[in-house]
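Here is how the chains run, residue by residue.
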Amino acid sequence: MPDKKWIPQPKKPRTPIPEQKPEVRRRNFKEVALGYTVELAIEEAYRCLQCKNPLCVDGCPVGIDIPGFIRHIGEGRFEEAYYTLKKYNSLPAICGRVCPQEDQCEQLCIMGKKFKPVAIGRLERFAADWFMQSGKKEDFQIEPPTGKKVAIVGSGPAGLTCAGELAKKGHKVTIFEALHKPGGVLVYGIPEFRLPKKIVDIEVENLKKMGVEIKTSAIIGKLYTIDELLEEEGFDAVFIGTGAGLPYFMGIEGENLNGVYSANEFLTRVNLMRAYMFPEADTPVKIGKRVAVIGGGNTAMDAVRTALRLGAEEAYIIYRRSEAELPAREEEIHHAKEEGVQFKLLTNPVKIIGDENGWVKALQCIKMQLGEPDESGRRRPIPIEGSEFEFPVDTVIMAIGQGPNPLIQETQPDIEVKRWGIIKIDEQGRTSKKGVFAGGDIVTGGATVILAMGQGKRAAQAIDEYLKTGKWE
Amino acid sequence: MYLIKEIKEIAPKIKKMVLDAPLLARKHKAGQFVMVINTEKGERIPLTIADKDPEKGEITLIFQEVGKSTIEMGLRKAGEYIFDVVGPLGKPTHIVNYGTVVCIGGGVGTAPLYPITKKMKETGNYIITILGARNKDLFILEKEMESVSDEFYQTTDDGTKGRHGLVTDELQALIDSGRKIDLVLAIGPAIMMKFVSLLTQKYNIPTMVSLNSIMVDGTGMCGACRVSVGGVTKFVCVDGPEFDGHKVNFDELLKRQAMYKDMEEEALKKFLEELKKQESCGGCHA
Ligand SMILES: Cc1cc2nc3c(=O)[nH]c(=O)nc-3n(C[C@H](O)[C@H](O)[C@H](O)COP(=O)(O)OP(=O)(O)OC[C@H]3O[C@@H](n4cnc5c(N)ncnc54)[C@H](O)[C@@H]3O)c2cc1C
Ligand SMILES: Cc1cc2nc3c(=O)[nH]c(=O)nc-3n(C[C@H](O)[C@H](O)[C@H](O)COP(=O)(O)OP(=O)(O)OC[C@H]3O[C@@H](n4cnc5c(N)ncnc54)[C@H](O)[C@@H]3O)c2cc1C
Ligand code: SF4
Ligand code: SF4
Ligand code: FES
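If you read the protein sequences in the order shown, they are chains P and C.
Here the first sequence is numbered in numbering that gives the first Met the number 0, starting from 0 and rising by one per residue.
Here the second sequence is numbered in numbering that gives the first Met the number 0, starting from 0 and rising by one per residue.
Read the hints as simulated data drawn from the structure, not as lab findings.
Among these hints, one or two may not hold up.
Said to hold, decoys possible - Within a straight-line C-alpha distance of at most 30 Å, the following computed DSBU-like cross-link-like pairs (lysine-lysine) qualify:
no., chain 1, residue 1, chain 2, residue 2
1, C, Lys28, P, Lys433
2, C, Lys135, C, Lys120
3, C, Lys28, P, Lys148
With the rest of the complex left out, here is chain P (with noise of 0.2 Å):
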């Protein structure tokens, strides 16, 4: 299609994605958002100013060439558009729909100063999508075998990202993940009405293609260690990229009741074991009439939004802090809101309350109140003295956040770790012993997809560089 000129309309609207109706989707796990059609996702990418000096590039985490893309999708040069994602983003359609965008590529978005922010995220994810319907062959590009061999653990996004650019690169990869499907997060965690699993299974069958081997259920650090890795398995590096899977627990009375989970095992039931299937499938979860989730992350209303799928009458958000604290993304918080979750802010549980045979009864709450605000920045929650209240609940969802996998730091002691187990690299995202990098949520604690995937790639370069020339220094 030859060039038209770019006649921006910065005065129109945000184009706005067609949405499953919110009284319909809080009772069914299909995708929530369906995506741009072609003519909205013109008429979105003609908003952009196609700006000299982009700012929104500044913003994302892989400075991906934005106006470039939208540019092309204007252009209705779709194919070119995915092409130019994928340069510096190997999974645009996860990221279009998770990246927190308003704090990144759309917050600095020139357009957001006066009016609303070119629709980043949709547009990107309108390329991917696009490119994935038109059934379309990938053209990888890989260079010829270099004969050198890549251990990958763990299959998160850090890991995939890791495992694709090192493939490209002529290397024998292989990648180890703990659980009987690849994905991370992706799959155990992150809910199928916010990301089908489709999506990610082509992106995993592209890496096959691509000649990466994948062998699931292989927990390293239990069937193998890193040093056997390298020095009985043939591989010349190792790239650790095994998550924050964690979960932290609040430490309060009652926790260990029947009936509170953690948001990682309610998830995995639902999302990995399929116990919305239960007894069609073999594993069960438990959804009481009231559904109480503690945090405010997207964890959070992800477990809050499933138990409402899953029949629960009234489901709660109980947070510490107030609502401009939220750390999920703005779009799942409002979705959350259009399906009836109610939110409880300001309050924290203190106590979890149990009945005769050890079934969650009630949480004993207490309110807060905004103080100075602390080193993260957000202003402190200090408890308001004598504001105890009781509130009736027979499931509790602790979303409080999660800690880094410790499998390997224990049979690996020659591995440096900081605080919490987390693990220590240098800026190429080398660990402190040989042939060992590692990146994502490992390094950073729980973060988010876009920078797990930024240090994969950030390493898979440096482990290029390692294997070419066998420096270490």
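Keeping the supplied structure of chain P fixed, place chain C with the ligands upon it in accordance with the hints.
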């Protein structure tokens, strides 16, 4: 996919399954377990590796048919495949020369007890074994256990074999006889481990138990398996499965084990009905 090389009933409702799993056979250490997923829609259930043969590349699982997953697994035949097996999981047993070790096995708990006892014996310990069962037909691994024991006792609830009573009665008798006991290792139903621990606490005998909490992933990622040990929450799959019996909150464990009782019963009922339907059609699909 894991090939079933052999499956047989070794006591009523207790089956032994030998799987082709060379890597697991090579990597397993006494005290560790695997998560087994029987079919594509199956749940992940923890089972101890009861024995292994690294040369033949085999592992042996011994399981009691208590609910849908284990009953369905018991119906599998040699030559068929198990969907997935993950492991080896959990910390291996800390095995050193303690001196005199009393190894107590209750019911199917004898299966996980056997590889540990064998290793304890090899490490130079004096082994006194006590096996308990409801009646004489329910014992498993009697010969194997006896062959690695210096002294061997049995108890039955109904008196059909060995002492008429519980394993704790035999243990009490040993203690009363003034024997010096350096360690008690008890594996069996939670209720048995609870009473063994209460008894040994009175006499200050160090006691190790292996807990069978409900699990999902078995890799420390969900917290389903959590138990209170000395007032601190621990994950059985990564911190255990063995713990100091004197510190475990068994009442909490017992309650948590029953968390899905109603749903498990529903699933089992449905499964048995399906099974009946299939049988009444003459098993033509078999
Ligand atoms: C419920 C939930 C919702 C989220 N929503 C969003 C969102 O909307 N947007 C966003 O940007 N971020 C979101 N996040 C955060 C994001 O998912 C993570 O930051 C990201 O997945 C981290 O990627 P990773 O590759 O480092 O690790 P993970 O995705 O955690 O993957 C690690 C993998 O390693 C495996 N593993 C661990 N130990 C071993 C071992 N010893 N051997 C072999 N394999 C091992 C694990 O099984 C896992 O599959 C969410 C997180 C959760 C839990
Ligand atoms: C570390 C460990 C090692 C074990 N080793 C053995 C063994 O060698 N042989 C053996 O017979 N049994 C063993 N068990 C117990 C075994 O896992 C359960 O009997 C089995 O999961 C029951 O599944 P089901 O579907 O047949 O029964 P269900 O009807 O589902 O449940 C019956 C009872 O089994 C327990 N249970 C159910 N699901 C699980 C689960 N996912 N994880 C743990 N327990 C569950 C519950 O207490 C439940 O009430 C072990 C358990 C653990 C934690
Ligand atoms: S990857 Fe994320 S931050 Fe970067 S442009 Fe896409 S949506 Fe924005
Ligand atoms: S800052 Fe906004 S308007 Fe400018 S190029 Fe980026 S997306 Fe387009
Ligand atoms: S079974 Fe999930 S943490 Fe132990």
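Going through the hints against the structure:
With a CA separation close to 28 Å, the supplied pair C/Lys28 and P/Lys433 stays within the 30 Å bound. Taking the CA atoms of C/Lys135 and C/Lys120, the gap is about 25 Å. The hint holds against a cut of 30 Å. Our distance criterion of 30 Å between C-alpha atoms is met by C/Lys28 and P/Lys148, whose separation comes to about 28 Å.
Checked against the numbered hints given earlier, this structure breaks none of them.
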